[in-house]
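Engineer: The chain contents come next:
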Amino acid sequence: MALANDIPLSSLAPNTAGRYRPARAQAQAGIILSVPATLLLVALVIGPAILVFFLSFTNASLGLAGIQFIGVANYTRMLTDPGFAQSLRNTALYVAVVVPTAIGWGLLVAVLIARSRFAVLYRTAYFLPVAASLVALATAWEAILHPSLGFANTLLQLLGASPVRFLSDPATAIYALAAIGVWQLVGFNMILFLAGLSTIPEELYEAATIDGADRGLKRFLLVTWPMLAPVTVFVTVMTIIRAFSVFETVAVLTQGGPMKSTSVVLYTFYEEGFRFFRVGYASAISVSFFVFVTFLSLVQMRVSERRARWKANGGQ
Amino acid sequence: MILGQSSSSRIVSHAVLVTGAIIMVFPFLWMILASLTPQSEIFDGSLLPTPTLHGAIDNYGTALSAIPLLRFMANGFVVCLAILVLQIAIAIPCGYALAKLSFPGRPILLVGVLLGLLVPVQIPTIPIYIALAKSGLLDSYAALVLPWIISVFAIFLFRQFFVTFPDEVLDAARLDGFSELSIAWRIMLPAAWPAVVSFSIFSIVAHWNDLYWPMVVITNPDMMTASLGIAYFRQAGEGAGNVGALMAGGVLVTAPLVSFFLLMQKHFIRGLVLGRH
Amino acid sequence: MKTVAMILAAGVAAAAMPAQAETKLNVYYAWPEHEVIHKPIADRFMADHPEIKISFRAAAPSYDEAVQTLIRQSMAGELPDVHYVGFNVLRPLVTRGLVKPIDDLVAADHLADKGYTEQILSLARIEGHLYGLPFAMSTPVVYYNADLVKQAGGDPDKVPTDWDSFVALAGKVGALGNGTSGMYYQLGSDDWATQNLVRNFGGQMMNDKESDIAFDGPAGQAAVKLFKRFHTDGAQPAIDSHAARQLFTSGKLGFFFASAGSVSGFEGEIGDRFKLRTAKQPLGAEDATMPTGGMVAIILTDDPAKRAAAWDYVKFTTSPEGQSIVVPNTGYMPTNTLALDKDHLAGFYDKHPNWYTSVLQTPRARPWFSWPGDNGVQIGEVLRDEMTAIALGSKEPEAALADMVSEVRALLPKTN
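Each protein sequence line maps, in turn, to chains A, B and C. Every letter in the first sequence is one number past the one before it in UniProt numbering, and letter 184, counting from 1, is 184. Every letter in the second sequence is one number past the one before it in UniProt numbering, and letter 171, counting from 1, is 171. Every letter in the third sequence is one number past the one before it in UniProt numbering, and letter 35, counting from 1, is 35.
Keep in mind that the hints are not guaranteed to be accurate.
Unchecked claim - DSS-like, lysine-lysine: derived pairs with alpha carbons at most 27 angstroms apart:
1) C:K342 / C:K114
2) B:K134 / C:K225
3) B:K134 / C:K306
4) B:K134 / C:K100
5) C:K225 / C:K395
6) C:K114 / C:K395
What the hints assert, rightly or not - Quick partial rundown of chain A residues pointing at chain C, CB under 7 angstroms, derived from the structure:
7) H146
8) P147
9) S148
10) R165
11) S168
12) P258
13) M259
Worth flagging that the hints you see were computed from the coordinates, not collected in a lab. Glycine included, every Cβ here is placed at the ideal spot set by N, Cα and C.
Use the sequences and the hints to build the structure in full.
Structural biologist: This is the structure in structure tokens:
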């Protein structure tokens, strides 16, 4: 709170004269209050982001002097690099599984919990993964999913199924990671939906009952779903961003393997930038990543908002 | 009452909830059981590990002696707290100014915040890393904390929260001679308390679990955070093969955060609800 | 507690000695499990040299990671003073100018009289300059579960020395049922294991002039085909090495290929659950060789006082005394011939035959080939990924080898 030192102490004391502050004073205060954040925003987010943009057109390498401008070579390399294409595919697959599942499941749980007598108990159980240390729990998952000795395979064999190699099989590894991702996000989304549900006025449900939508799915579609639209947008964007930036489970459990089947974009970025020191190339990856996530978030927001408006109009 | 009720639908809904809840809790259960089971018996073909007293003593003993786990946790705690306090101290005044004060540059700042919201947090890390390296700040609390003290998400959240705050109250406060700064701290902060709680949970979860950044800037074991420490222990000789000790470490690292959040759960939900009005 | 003890120790030391300038050495090593050797060596060294204080950085998870961390740290001017670098990654550090020759230090000492043979020193020599002292050496050996081998009808005293019989026996172990697998040839985190297979058929990774790759010849072909047979005929499960190691230590796997440096770790993890033994690797050709795993102690500091202290430390860690800590606690072979005398390790090998297997393989040990250029780590990853593809059956050996060839060529420096 170094901020307080920048402002004359006298201005802090309530003025008994009861003088209304003119616009100029307000402008001044606005600037003072927002200066620290503005400077840091420029220094730590926007400035570096612009720098990364420029670096993406160079052959910069960590620890080696001499940077050359190489045009769009990093981008063309990216487009022709099978490794990068694979990491895009893996990420898309991960996101495609995690986003709908984590949102749908979170919503289902929230709706069911809201009317349950054991709400607190359920809520606690579902919230547990949110608060857990992911690295520690990922290790527990790894043991549970052990290709031959783990709980999951012991159970499968008891049930007469053949064992699955989960994290060791390139065909299943990304799904195993996605399952862990869903496991971690459901509770978070549930909490957000629960908060949304509690703001829906009871009268709407009463009105719906009068309209004949007195139970089940009808009621849900007529009242709950449209009313949850703003929360759903928020949840969706948050989930997309978090799914796109999956890193911990990959770094701890698979390091991108087997056979690059779990090398997601952020992990590739980390490897290129901090392991292979190709700063220019890593920058190109992150710029593309930014464009991609932004595009997807915008589309998603548009779609959800239109849907929400449409539903809301249709529903009332 | 969101859905209508019948006894069959109630049974189905409980079945769904219970199944999900078991999946949610199971890894914790397994972790606790394994942390109490001798290393040699964890993978002995039985469905679940069977705890024994000496297994528990062995595993927790190893976890606490092989690596400075308590130190890692203390580091994680200091880092999370420092990040959180700075984030809030910087975001509240800015959020207030953006919501309630008209000043030159406000529209640009707002655009900057929205843009910042879209920049994935990993993007600026390369230049920041180089800057930290050049200034000799790697392997320090500063390296762990500094890049995160500006949270555009927090600014945005608080701004949204403040926008709906009644102007009359602010005008009254101004008439009483409050400065804008004291309005921010003495009126807006308490009013924003639910949003602060919600944001704190976002922030603490993110930074307690973060592995990416500590992995990049920390090599000195004395500076490791809990997540990095566990990831490190996992590869260490006594952790690599020793699932029992690793799980004991996991329990120790997970316990404080889980208990804290279970306590705060109610406030968290309330914060989100109020934040939406 | 530890802090209290340290403060007390420091107090006692301060009281006991006249004020003396203390030299601090910062030491960095790979493989966290090697703490069991580095700590005691440092403690003993500091007891003899109270004016030098050794501190450690967090160990790197592998040789490759260690080098990458060093390169990052060099940017920040935060290099450690001493590092134990993997034989395969000494070269990139030299190329980047992070480590300087120690020829001047060596010239002042009479190393030959102190048990350092020219053959061993050559492991740390690049283009005529010596860059450090080899600290530990190993070759890949076969760890096996003698109980399972016996059950499968094999003779635990005579593990087959040719691949056909070996793979057949592993297949029999895998057929025992009850979740048992035959063997696991560990690829590991670098290209050591892949190089080992190529060398096992008398091949090399690149030609002697390093102008082109050589692993695509008959030896390489034989290597990838054999690796496929491990899985099809030898009952090797296609799982990651973490999981496989757990399988082996739980008594559910017959044979496990790994560095001899893990003997002590394996014995500790297995205890008396089953009879663990080691054997020489089967050989695919008369002129088979093996890459020497292990590390070189190098000095990274330029500060004259620190450099002198670091030299003392490096000499100590490779002395008979240091080596008698290294060998029993890991499984590595000593790099100092004097360590084999009766005051040190002479009796040890008699009592621990599992340790001796690697020594028997030394006539075939060669330097671990280090790739020219900046992409050695990534080349290692390419090789590992293609080998994994063979293991999983998603690529035929020939196709995987062809892909290795084209991908590795693209990563090698373009000289011609």
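Engineer: Are the hints correct? Go through all of them and say.
Structural biologist: These are the hints, each one checked on the structure:
no.: 1; hint: C:K342 / C:K114; in the structure: 16 angstroms, holds
no.: 2; hint: B:K134 / C:K225; in the structure: 49 angstroms, violated
no.: 3; hint: B:K134 / C:K306; in the structure: 23 angstroms, holds
no.: 4; hint: B:K134 / C:K100; in the structure: 23 angstroms, holds
no.: 5; hint: C:K225 / C:K395; in the structure: 11 angstroms, holds
no.: 6; hint: C:K114 / C:K395; in the structure: 51 angstroms, violated
no.: 7; hint: H146; in the structure: 6 angstroms, holds
no.: 8; hint: P147; in the structure: 4 angstroms, holds
no.: 9; hint: S148; in the structure: 6 angstroms, holds
no.: 10; hint: R165; in the structure: 6 angstroms, holds
no.: 11; hint: S168; in the structure: 4 angstroms, holds
no.: 12; hint: P258; in the structure: 5 angstroms, holds
no.: 13; hint: M259; in the structure: 5 angstroms, holds
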